[in-house]
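Protein chains in written order, with this note's numbering: chain A, 176 to 438; chain B, 176 to 438.
Treat the hints with care, since some could be wrong.
Since the list gives no way to pick one copy over another, a pair counts as held whenever it fits inside one copy or between any two copies.
Calculated pairs, BS3-like style, for lysine-lysine (alpha carbon to alpha carbon, straight line, at most 27 Å) [stated by the list, open to error]:
(1) Lys438 with Lys370
(2) Lys264 with Lys190
(3) Lys438 with Lys190
(4) Lys198 with Lys370
(5) Lys370 with Lys217
(6) Lys264 with Lys195
(7) Lys190 with Lys275
(8) Lys232 with Lys186
(9) Lys438 with Lys198
(10) Lys357 with Lys232
(11) Lys198 with Lys241
I should point out that these hints are in silico values taken from the structure, not numbers from a laboratory.
These are the residues of each chain, in order.
2 protein chains.
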Amino acid sequence: MITSPSNSRVKEIRKLRERKEQKRTGLFYMEGLRIIGEAFDKGAELETLIVCPELLKTEFGLELWKQAQQQRLDILEVSRPVFESLAVKENPQGLAAVAKARYYALDDLDISHGIIVALTEIADPGNLGTIIRTADATDCGGVILIGDCTGPYDIGSIRGSMGAIFSTKIVRTSLPEFLEWKRRTGLQLVGTSDKAATDYADIAYADPVILLMGSERAGMSAEEFEACDEIAAIPMMRSSDSLNLAVATGVMLYQIFNCHRRK
Amino acid sequence: MITSPSNSRVKEIRKLRERKEQKRTGLFYMEGLRIIGEAFDKGAELETLIVCPELLKTEFGLELWKQAQQQRLDILEVSRPVFESLAVKENPQGLAAVAKARYYALDDLDISHGIIVALTEIADPGNLGTIIRTADATDCGGVILIGDCTGPYDIGSIRGSMGAIFSTKIVRTSLPEFLEWKRRTGLQLVGTSDKAATDYADIAYADPVILLMGSERAGMSAEEFEACDEIAAIPMMRSSDSLNLAVATGVMLYQIFNCHRRK
Numbered sequence: 176m177i178t179s180p181s182n183s184r185v186k187e188i189r190k191l192r193e194r195k196e197q198k199r200t201g202l203f204y205m206e207g208l209r210i211i212g213e214a215f216d217k218g219a220e221l222e223t224l225i226v227c228p229e230l231l232k233t234e235f236g237l238e239l240w241k242q243a244q245q246q247r248l249d250i251l252e253v254s255r256p257v258f259e260s261l262a263v264k265e266n267p268q269g270l271a272a273v274a275k276a277r278y279y280a281l282d283d284l285d286i287s288h289g290i291i292v293a294l295t296e297i298a299d300p301g302n303l304g305t306i307i308r309t310a311d312a313t314d315c316g317g318v319i320l321i322g323d324c325t326g327p328y329d330i331g332s333i334r335g336s337m338g339a340i341f342s343t344k345i346v347r348t349s350l351p352e353f354l355e356w357k358r359r360t361g362l363q364l365v366g367t368s369d370k371a372a373t374d375y376a377d378i379a380y381a382d383p384v385i386l387l388m389g390s391e392r393a394g395m396s397a398e399e400f401e402a403c404d405e406i407a408a409i410p411m412m413r414s415s416d417s418l419n420l421a422v423a424t425g426v427m428l429y430q431i432f433n434c435h436r437r438k
Numbered sequence: 176m177i178t179s180p181s182n183s184r185v186k187e188i189r190k191l192r193e194r195k196e197q198k199r200t201g202l203f204y205m206e207g208l209r210i211i212g213e214a215f216d217k218g219a220e221l222e223t224l225i226v227c228p229e230l231l232k233t234e235f236g237l238e239l240w241k242q243a244q245q246q247r248l249d250i251l252e253v254s255r256p257v258f259e260s261l262a263v264k265e266n267p268q269g270l271a272a273v274a275k276a277r278y279y280a281l282d283d284l285d286i287s288h289g290i291i292v293a294l295t296e297i298a299d300p301g302n303l304g305t306i307i308r309t310a311d312a313t314d315c316g317g318v319i320l321i322g323d324c325t326g327p328y329d330i331g332s333i334r335g336s337m338g339a340i341f342s343t344k345i346v347r348t349s350l351p352e353f354l355e356w357k358r359r360t361g362l363q364l365v366g367t368s369d370k371a372a373t374d375y376a377d378i379a380y381a382d383p384v385i386l387l388m389g390s391e392r393a394g395m396s397a398e399e400f401e402a403c404d405e406i407a408a409i410p411m412m413r414s415s416d417s418l419n420l421a422v423a424t425g426v427m428l429y430q431i432f433n434c435h436r437r438k
């Protein structure tokens with residue numbers, strides 16, 4: 176059992192909180208019974224399971240530990256102070272893991288039907304995780320991250336996704352590559368803007384369709400506007416001129432999902 | 176200018192981060208140019224404006240300071256270390272305020288038309304703020320907080336609301352009082368549950384209508400189920416059995432809003 180918070184492996188794991196270290200290693204850190212249970216269920220590539228026997232109390236947690244042993248996963252037993260030095264959340268439950276971040280290429284996406292979500296320069300990990308969760312519930316074929324987006328494997332995003340991150344195809348790409356793929360596949364691209372003329376409820380959403388959402392701060396760029404086949408406006412009353420990005424994406428996804436399932 | 180972080184007024188303001196101190200005093204703390212600008216615009220009852228001249232750089236910020244002087248508001252000038260000891264967010268912009276929390280009674284709500292949102296035991300301030308923001312955009316007549324809810328004037332909620340907290344009627348009440356009001360007014364009450372049989376897209380939403388959303392953890396209670404005229408299910412695919420509460424509320428609000436505006 177590792178009892179020193181300055182142990183070199185513990186230090187390495189702690190460093191995985193930083194995005195640049197995640198990028199360098201292709202690994203990410205997560206914690207909590209529910210999330211790690213989801214990771215097991217959905218076949219995430221776990222590298223190391225971190226267990227603190229003193230904190231791990233529940234039946235479910237002990238079951239996950241056993242499962243990791245049976246799968247001959249690398250298991251790191253650590254003392255309570257070490258675990259607490261790693262944990263991001265208060266009152267940690269004694270189970271954490273390091274896993275491989277999984278990314279797909281644009282051509283890996285199933286574009287035979289349904290919705291693909293594309294996000295440009297999304298900044299908030301909680302928003303991203305929440306959108307991945309909604310994308311899973313509306314059976315989206317994938318989530319495309321265009322340009323400089325927050326990391327989908329950030330702890331805030333993983334938590335917000337409630338495990339949907341492990342069953343959603345995530346693509347990272349640049350705007351030129353995305354637009355080239357859109358042209359090549361001929362998919363309908365629907366953007367959103369409060370400056371658009373068309374009510375989102377009046378658009379004929381193709382099946383399949385790509386839904387493009389701009390960033391929290393700046394919305395869509397001029398080039399993105401230009402590339403869209405339709406631009407949808409979600410109507411807003413009073414002085415509101417925007418919705419939370421995860422809410423706006425949810426409203427759009429369910430509108431499209433309802434159109435598709437009613438065909 | 177106050178230069179000591181242990182000055183008694185500064186200490187009092189710092190204490191306003193705690194919910195019990197907010198309850199005791201009926202006051203709350205907020206910070207940031209945009210939010211304080213919204214508070215001015217929408218006529219929030221500001222008690223004290225806290226200014227750090229060294230940090231306050233923008234035209235907009237200086238304009239707000241001037242506006243506060245013209246309105247003969249109580250203004251507290253503080254040094255940078257003092258301001259930083261108060262600020263919750265990193266890189267503070269030099270403007271904060273203490274204001275009076277405003278609550279309404281059930282009978283203050285306009286129930287002539289539109290939507291009233293009722294939330295039971297909502298726990299996450301970010302979710303609450305985001306819901307208030309969406310309620311504003313869909314012209315809701317008010318947001319009712321039933322039972323032990325997080326505070327709408329928590330800094331996370333204020334921030335999530337993007338200022339909509341200042342233009343939304345907030346009611347705090349108990350479940351018995353809420354149910355008595357529902358009976359008395361005869362309004363349609365629509366709840367939501369993943370266990371419901373009726374697709375949310377198939378419900379005839381009355382105008383006016385009350386939308387009831389359960390808590391993040393436990394959803395609606397048996398007594399709440401019993402009191403609803405309709406229970407709506409938002410369909411979910413794959414292994415999803417829930418959405419983020421703010422997203423689910425947004426999807427429901429826009430569904431009802433669309434029904435109402437198409438009449």
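Practice task
First find the shortest C-alpha distance between Lys357 and Lys232 inside one copy, then the shortest across copies, and answer within, between, both or neither for a cut-off of 27 Å.
Solution key: Neither. Shortest intra-copy (50 Å) and inter-copy (44 Å) distances fail the 27 Å Cα cut-off.
Practice task
Have a look at Lys438 and Lys370 and pick one of within, between, both or neither, based on CA distance no larger than 27 Å.
Solution key: Classified as between; 25 Å across copies, 29 Å inside a copy.
Practice task
First find the shortest C-alpha distance between Lys264 and Lys190 inside one copy, then the shortest across copies, and answer within, between, both or neither for a cut-off of 27 Å.
Solution key: both (16 Å within a copy, 23 Å between copies)
Exercise for the section: With 27 Å as the alpha-carbon cut-off, assign the pair Lys438 and Lys198 to within, between, both or neither. Expected result: neither (42 Å within a copy, 52 Å between copies)
Handout entry: 27 Å Cα threshold - placement of Lys195 relative to Lys264
Key = So Lys264 and Lys195 pass the 27 Å test inside a copy (21 Å) and across (23 Å) alike.
Exercise for the section: At 27 Å max between alpha carbons, let me know whether Lys438 reaches Lys190 within a copy, between copies, both or neither. Expected result: neither (49 Å within a copy, 56 Å between copies)
Exercise for the section: Measure nothing new, just compare the shortest in-copy and cross-copy C-alpha distances for Lys370 and Lys217 to 27 Å and report within, between, both or neither. Expected result: Result: close only across copies, 24 Å inter versus 40 Å intra.
Exercise for the section: Classify it for me, Lys198 with Lys370: is the Cα-Cα distance of at most 27 Å met within a copy, between copies, both or neither? Expected result: Neither, since 36 Å and 41 Å both go past 27 Å.
Practice task
Have a look at Lys198 and Lys241 and pick one of within, between, both or neither, based on CA distance no larger than 27 Å.
Solution key: So Lys198 and Lys241 fail the 27 Å test inside a copy (30 Å) and across (47 Å) alike.
Handout entry: Intra/inter-copy verdict for Lys190 and Lys275 if alpha-carbon distance must be at most 27 Å
Key = Within one copy only: 15 Å inside a chain, 43 Å across chains, cut-off 27 Å.
Practice task
Pop the pair Lys232 and Lys186 into one bin, within, between, both or neither, using alpha-carbon distances up to 27 Å.
Solution key: Classified as within; 25 Å inside a copy, 40 Å across copies.
When each numbered hint is compared with the structure, violations occur for hints 3, 4, 9, 10, 11.
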